[in-house]
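With the hints as extra help, turn the sequences into a complete structure.
Going by the numbering used here, the first residue of the first sequence is number 625, and it counts up by one from there.
These are calculated hints, taken from the structure and not from any lab test.
Keep in mind that a hint or two might mislead.
[To be verified] Heads up, simulated PhoX-like pairs for lysine-lysine below, C-alpha to C-alpha not over 25 Å straight-line:
id, residue 1, residue 2
1, Lys-696, Lys-656
2, Lys-647, Lys-725
3, Lys-642, Lys-784
[What the hints assert, rightly or not] Using C-beta positions, here's what the derived DEER-type ranges look like:
id, residue 1, residue 2, range
4, Lys-825, Glu-697, 30 to 40 Å
5, Asn-630, Leu-844, 22 to 32 Å
6, Ser-671, Val-634, 17 to 27 Å
7, Tyr-826, Thr-633, 35 to 45 Å
Ideal Cβ placement from N, Cα and C applies to all residues, glycine included.
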Amino acid sequence: MTIDYNTLTVPQATQLQKEMKDKIVLSPFTGKINYVAGTDISFDKFSTHVYAGITVLSFPDLKPVAYSLIRKEVHFPYVPGYLAFREVPALLDAWEQLELKPDVVVLDGHGIAHPRRMGIASHFGVLINRPTLGCAKKKLYGIYEEPAENAGAWSVLYDKQQQPIGSVLRTKNKIKPVFVSPGHLTDIADSRQIVEQCITKYRLPEPTRLTHNFVNQFRLGALEAGFHRL
DNA sequence: GCGACAG
DNA sequence: ATCTTGTCGC
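So, in structure tokens, the structure goes:
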């Protein structure tokens, strides 16, 4: 599958999402996790470049073992529901130069918890054909009831037809919950359990949190582009 | 027409 | 996402 992300229009992007939707595989996550990865994007306010990063952590101890950083020019604007078309190109480059491939990737955004069930986690997962899941800080689509205020509490995120599309998970006591949904090659329950196992002392899972730190240092010039082993 | 709206 | 300091609460 070859996608020209540079001259794509939103209507064409919508059509692509509808076509890609049928390629998503939602199955229980089987096998052992030795490595989990996180992804993130950062950019300067009025720049046409984005800074992308992927961090690989050992599992279940969650220690960073390697990371990939890359800067790339982007043309697609940020439009709610089309985040993948803006961030995936850079993430694919970072993925290709990642010498150590993880067993599952945590994306900063949604998976199937999307108007057309094609959030960035599903989009990226289908393209790399690997297990992925989305963990977002805010809801994009769906209906839910607030989970209890204790860490570990969660509720189901439903679409307009009352079909489950993800989980609203409280990762810390009395702190705003995160929105977890499967991307590709995993399901709702397993994607939630994986995120729970990636929580230490912060609201966001370690893969996402550490990658955000690396990418920001990269954007500020404190780290170099490329693949790095720790 | 109004409200919602990942990063 | 990014622009930005201190401040309130557990």
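Hints, one by one, checked against the model:
1. Distance check on the hinted pair: Lys-696 and Lys-656 sit about 33 Å apart at the alpha-carbon level, beyond 25 Å; violated.
2. At most 25 Å may separate the alpha-carbon atoms for a hinted pair to count; Lys-647 and Lys-725 meet this at roughly 21 Å.
3. Distance restraint check for Lys-642 and Lys-784: the Cα-Cα separation of roughly 18 Å lies within the 25 Å cut-off, and the hinted pair is therefore satisfied.
4. Distance hint check for Lys-825 and Glu-697: the Cβ-Cβ separation is about 37 Å, which falls inside the suggested range of 30 to 40 Å.
5. At about 27 Å, the CB distance of Asn-630 to Leu-844 agrees with the hint of 22 to 32 Å.
6. Under the hint 17 to 27 Å, the C-beta atoms of Ser-671 and Val-634, about 22 Å apart, fit the expected range.
7. The supplied range of 35 to 45 Å is met by Tyr-826 and Thr-633, whose beta-carbon atoms lie about 38 Å from each other.
In summary, the one numbered hint that this structure violates is 1.
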